[in-house]
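Chains A and B supply the protein sequences, listed in that same order. If you read the first sequence in this note's numbering, its first letter stands for residue 574, the second for the next number, and so on. If you read the second sequence in this note's numbering, its first letter stands for residue 5, the second for the next number, and so on.
Hints are computed from structural coordinates only; laboratory data are not their basis. One or more hints might be untrue.
What the hints assert, rightly or not - Calculated lysine-lysine pairs in the BS3-like style (CA-CA distance at most 25 Å, straight line):
#1 K54/B - K73/B
#2 K73/B - K24/B
#3 K60/B - K73/B
#4 K60/B - K24/B
#5 K109/B - K635/A
#6 K73/B - K109/B
#7 K104/B - K635/A
#8 K651/A - K104/B
#9 K651/A - K635/A
Claimed, not checked - Looking from chain A toward chain B, a few residues come up when the C-beta cut is under 8 Å (computed):
#10 G615
#11 F638
#12 G671
#13 T672
#14 S673
#15 A674
#16 L677
#17 F679
#18 G680
#19 S681
#20 G682
Where a beta carbon is used, it is the ideal one built from N, C-alpha and C, also for glycine.
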Amino acid sequence: NAGVIQTPRHKVTGKGQEATLWCEPISGHSAVFWYRQTIVQGLEFLTYFRNQAPIDDSGMPKERFSAQMPNQSHSTLKIQSTQPQDSAVYLCASSRTGTSAETLYFGSGTRLTVL
Amino acid sequence: GDSVTQTEGLVTVTEGLPVKLNCTYQTTYLTIAFFWYVQYLNEAPQVLLKSSTDNKRTEHQGFHATLHKSSSSFHLQKSSAQLSDSALYYCALGGTNAYKVIFGKGTHLHVLP
Chain A
574 NAGVIQTPRH KVTGKGQEAT LWCEPISGHS AVFWYRQTIV QGLEFLTYFR NQAPIDDSGM
634 PKERFSAQMP NQSHSTLKIQ STQPQDSAVY LCASSRTGTS AETLYFGSGT RLTVL
Chain B
5 GDSVTQTEGL VTVTEGLPVK LNCTYQTTYL TIAFFWYVQY LNEAPQVLLK SSTDNKRTEH
65 QGFHATLHKS SSSFHLQKSS AQLSDSALYY CALGGTNAYK VIFGKGTHLH VLP
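I would like the entire structure built from these sequences, with the hints used as guidance.
What follows is the structure, given as structure tokens:
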């Protein structure tokens, strides 16, 4: 089991450009979460999918962030018109059924730097 | 609302000495579970400890924590810190009736030689 895989590990964009981040959850896990990690805020919840369906995107900045899960083996987080304040580590996590009493399995994250 | 508080942003300890990372919580979740996640530099956060039983000590990799519902706490302790323990530690809680994990802001542990 390779664990949760996130690509790329690092991404540098210019202000106003688009960034797409990829996540492959653990096979058999039905829940996928995206988090943003910064020194100041710690781990911020962005969005949650269960069985590929979007359940909660309350943490997503509405205008420029979007997430999809087109199949059970991958999810994407897209940031349009990136801004310097979007610079952070974006973490994807999966769990077996999605209840928060279960262990979350995290990927190593994508470090996004917006110049 | 539901919250997890980690009072220290940074804890520095000398190798071989005991260390304690504080975690307290407020929650309306039913049937709650508590976690400590550890994140080493440039790695993924991973679960270190998990507990859902009041007053029961849980141990792993030399660390231990005991859930105390009476004081709403789940502090992480180790009797002898190692250089390899230097990492970012998150306290978190979840519930069987919810999907959103509540994380604390994290505590950086720096172990000095």
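Original post:
Taken at face value, is the distance from the CA of K109/B to the CA of K73/B at most 25 Å?
Top reply: Within the cut-off at roughly 21 Å; holds.
Original post:
K60/B and K24/B: Cα distance at most 25 Å?
Top reply: Distance ~17 Å between K60/B and K24/B Cα, so the pair holds.
**OP:** Identify whether the interface hint at S681/A stands, where standing means a beta carbon of chain B within less than 8 Å of its own.
**Re:** Status holds, d = 5 Å.
Original post:
At a threshold of 8 Å, is the proposed contact between G615/A and chain B supported by beta-carbon distances?
Top reply: holds, 4 Å
Subject >> K54/B paired with K73/B [C-alpha distance capped at 25 Å] >> reply: Cα-Cα ~15 Å, so holds.
Original post:
Once the shortest beta carbon distance from F638/A to chain B is found, is it less than 8 Å?
Top reply: violated, 18 Å
**OP:** Under 8 Å, Cβ to Cβ, is where A674/A needs to be relative to chain B, so tell me if that hint holds or is violated.
**Re:** Interface hint status for A674/A: holds (4 Å vs cutoff 8 Å).
Original post:
If you draw a straight line from the CA of K651/A to the CA of K635/A, is it 25 Å or shorter?
Top reply: holds, 12 Å
Original post:
Given the hinted pair K60/B and K73/B, is their alpha-carbon gap at most 25 Å?
Top reply: OK: K60/B and K73/B at ~11 Å, within 25 Å.
**OP:** Mind checking the CB of L677/A against every CB in chain B and telling me if the closest is under 8 Å?
**Re:** At about 6 Å, which falls below the 8 Å cut-off, the nearest Cβ of chain B leaves the hint on L677/A intact, so it holds.
Subject >> Holds or violated: K651/A to K104/B, with C-alpha atoms at most 25 Å apart >> reply: holds, 21 Å
Original post:
Is K109/B close enough to K635/A, meaning Cα to Cα at most 25 Å?
Top reply: Given pair K109/B, K635/A holds - Cα atoms ~23 Å apart, limit 25 Å.
Against the hints set out earlier in the document, a violation occurs for number 11 only.
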